[in-house]
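All chains should be built: construct the whole structure from the sequences, respecting the hints.
Protein sequences appear in the order of chains A and B. Reminder that position 168 of the first sequence reads as 168 in our numbering, one-by-one numbering, no gaps. Reminder that position 211 of the second sequence reads as 211 in our numbering, one-by-one numbering, no gaps.
The set of hints was computed from the structure by calculation and includes no laboratory data. We treat Cβ as the ideally placed atom computed from N, Cα and C, and that holds for glycine. Possibly wrong hints are sitting among the right ones.
[Said to hold, decoys possible] Straight line, CA to CA, 27 Å or less: simulated DSS-like cross-link-like pairs of lysine-lysine:
| hint | chain 1 | residue 1 | chain 2 | residue 2 |
| --- | --- | --- | --- | --- |
| 1 | B | Lys121 | A | Lys198 |
| 2 | A | Lys77 | B | Lys162 |
| 3 | A | Lys3 | B | Lys177 |
| 4 | A | Lys128 | B | Lys177 |
| 5 | A | Lys3 | A | Lys236 |
| 6 | B | Lys177 | A | Lys168 |
| 7 | A | Lys77 | B | Lys177 |
| 8 | B | Lys83 | A | Lys77 |
| 9 | B | Lys162 | A | Lys125 |
[Stated by the list, open to error] Heads up, incomplete: computed chain B residues facing chain A, CB under 7 Å, no partners named:
| hint | residue |
| --- | --- |
| 10 | Asp164 |
| 11 | Leu167 |
| 12 | Ser174 |
| 13 | Ala181 |
| 14 | Asn185 |
| 15 | Arg266 |
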Amino acid sequence: MIKLNNIYKYFFADTPNEVVALNNINLNIKEGDFVTVIGSNGAGKSTLLKAIAGVEMVDQGIIELAGKDVTSQPEHKRAREIGRIDQDPMASTASDMTIEENLAMAYMRGRRRGLLRAVTGGRTKRFKEVVADVGLGLENRLQVPVGTLSGGQRQALALVMATIAQPKLLLLDEHTAALDPKAAKQIMEITRKIVDTKKLTTLMITHNMEQAIKFGTRLIMMHRGEIILDINQQEKEKLTVPQLIEKFTNTSGTTFDDDRVLLAN
Amino acid sequence: MENVIINGLQQGLIYGFMALGVLLTFRILGFPDLTVEGTFPLGAAVAATAVVKGIDPTIAVLLGAASGGVAGAATGLMHTRLKVNNILAGILTASAIYTVMLRVMGRPNTPLLAYDSFFTKAMGLFGLNESQMSLFEMQVATISILFIMVLAARLLLGWFLKTDMGLTIRATGSNEKMIRALGVNTENTKLLTLVIANTLVGLSGALACQNQGFADVGMGFGVLVAAIASVIVGEMLFGGRSLSMLLTGVVLGSILYRSLLALGLRLNLPAEDFKMVTALLVLLALTLPNLKLGKANSKKKTSMLGSLTRSLGAEKQ
Ligand SMILES: Nc1ncnc2c1ncn2[C@@H]1O[C@H](COP(=O)(O)OP(=O)(O)OP(=O)(O)O)[C@@H](O)[C@H]1O
Ligand SMILES: [Mg+2]
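Dropping the structure here:
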């Protein structure tokens with residue numbers, strides 16, 4: 001579904017502060033894969049997702065989405081096929097607009113936006129159903145501005161929005177990191193449910209090792225712009241957190257330095 | 001007093017189109033578009049010249065509106081394609097428009113008293129004959145025509161902003177990154193919005209020239225601040241809770257603002273001070289929420305004028 005070949009991304013290239021955010025990344029994600037991504041701070045995880053989404057243009061390499069070279073496509077074009085959620089609950093929804101208006105915009109992903117009424121009876125009915133599926137009671141508050149929702153509710157809505165138009169790829173960048181533990185757990189369950197029922201090809205960054213092991217069908221670990229571990233489903237099922245940390249230490253030659261990851265256990 | 005009301009309504013409705021345009025860019029899209037200072041007299045100059053050339057006043061007014069749209073496109077293209085800063089793009093267009101107006105009119109102003117106006121033509125449509133009407137009847141008829149037009153513009157805009165395309169404009173103003181991530185080319189959205197808004201402003205200018213019987217290159221001076229004042233008055237008094245209230249409120253704000261000006265004139269207040277007073281009032285309205293709340297959490301309470309303040313860069317960091 002998505003193929004990365006020899007991807008490089010530099011920041012502050014050719015200066016003493018040069019950062020190699022992505023260092024020869026090769027990755028082939030098959031349709032239906034649910035890949036969890038883990039790694040230390042500054043490993044390049046977010047940059048990887050931004051490169052795939054077209055938020056950041058890569059300096060070298062080729063990105064293929066569903067067999068098509070999208071390397072030089074701008075973000076808004078790739079977004080027709082890619083749903084994406086950020087860690088910041090404010091980022092993925094428009095707070096001045098109502099829930100149903102937000103959903104209507106997401107519903108039109110990849111289609112021509114013309115002069116038809118965005119919120120119609122027919123659409124509202126459909127929105128009610130999909131929103132009811134996440135089980136937060138949002139279906140009775142469709143006319144409410146999104147700005148009045150809690151962080152968890154906003155991320156749940158963002159999930160619905162990212163997936164309502166059946167994207168070819170779903171990118172999640174620590175989308176539960178800004179939530180309290182209870183809301184985070186809830187959003188993870190909703191994520192799993194949506195990804196399962198819609199059979200979405202997914203790439204999910206998390207700083208929680210347990211989560212990275214528990215969810216998904218494949219786990220990759222990044223360090224200093226490289227993918228240093230790639231673990232398949234069978235292997236992942238037997239994996240424990242201490243084993244994962246040990247693997248990291250052995251492969252990278254350093255100790256795992258992300259406080260959040262260690263605290264998360 | 002009668003005159004104050006009539007003047008206020010007439011001017012308020014004419015400038016109401018402009019207030020709607022300014023609402024669209026400054027408030028809804030969050031784009032501080034300075035083109036409008038040039039678009040307003042451009043609409044007047046184009047309409048006046050067309051009338052002088054023998055074109056039907058109705059078509060002349062439409063041409064004035066269209067010229068506004070072209071000016072908006074110029075600013076939009078400069079900003080979105082050439083990546084010129086939004087304020088500068090507007091200033092460049094407004095400045096260039098000055099030359100365009102002089103070229104189009106051939107001189108700094110065009111009197112129209114010898115020609116039929118758009119309003120007398122429109123009255124003719126309703127079977128009214130100018131020569132048989134008293135001044136008062138004419139004024140009432142003009143106001144009625146303007147009222148119908150503003151109402152139509154208000155309803156059209158309200159409908160448009162609820163379509164799939166209209167939603168992208170509001171979302172671009174609310175959260176540009178988000179709507180881009182939903183597959184929308186926000187550059188095109190901005191361009192479209194600038195064209196629509198400046199068409200409204202051009203229409204406003206064209207109608208103003210038809211109403212006052214002349215076009216002048218200087219007639220745009222200060223109209224933007226006045227429009228911002230109308231938007232603020234509308235939003236504060238008539239509420240910005242919903243989109244419909246906002247759209248209606250801004251037209252009412254324009255009428256109220258123009259009525260106050262007319263009242264000021266009536267009371268023999270010095271007209272030369274009006275622009276300064278308006279500027280100070282706008283400044284006050286935009287900064288007062290910050291000053292009043294001081295260190296306390298100012299974010300929430302400024303939200304009413306929030307996005308206007310944001311696009312005007314007066315928000316406290
Ligand atoms: N826009 C940018 N400008 C300059 N440097 C950047 C930019 N974005 C990322 N970087 C740098 O690229 C490297 C990778 O950053 P990235 O955000 O991808 O890390 P990450 O793995 O997501 O880390 P975290 O776990 O903290 O979110 C870091 O060194 C970062 O400082
Ligand atoms: Mg990150």
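Evaluation of the provided hints:
no. : hint                 : in the structure
1   : B:Lys121 to A:Lys198 : violated, 61 Å
2   : A:Lys77 to B:Lys162  : holds, 23 Å
3   : A:Lys3 to B:Lys177   : holds, 25 Å
4   : A:Lys128 to B:Lys177 : holds, 25 Å
5   : A:Lys3 to A:Lys236   : holds, 22 Å
6   : B:Lys177 to A:Lys168 : holds, 20 Å
7   : A:Lys77 to B:Lys177  : holds, 13 Å
8   : B:Lys83 to A:Lys77   : holds, 20 Å
9   : B:Lys162 to A:Lys125 : holds, 18 Å
10  : Asp164               : holds, 4 Å
11  : Leu167               : holds, 5 Å
12  : Ser174               : holds, 4 Å
13  : Ala181               : holds, 5 Å
14  : Asn185               : holds, 5 Å
15  : Arg266               : violated, 39 Å
Comparing the model with each numbered hint stated earlier shows that hints 1 and 15 do not hold.
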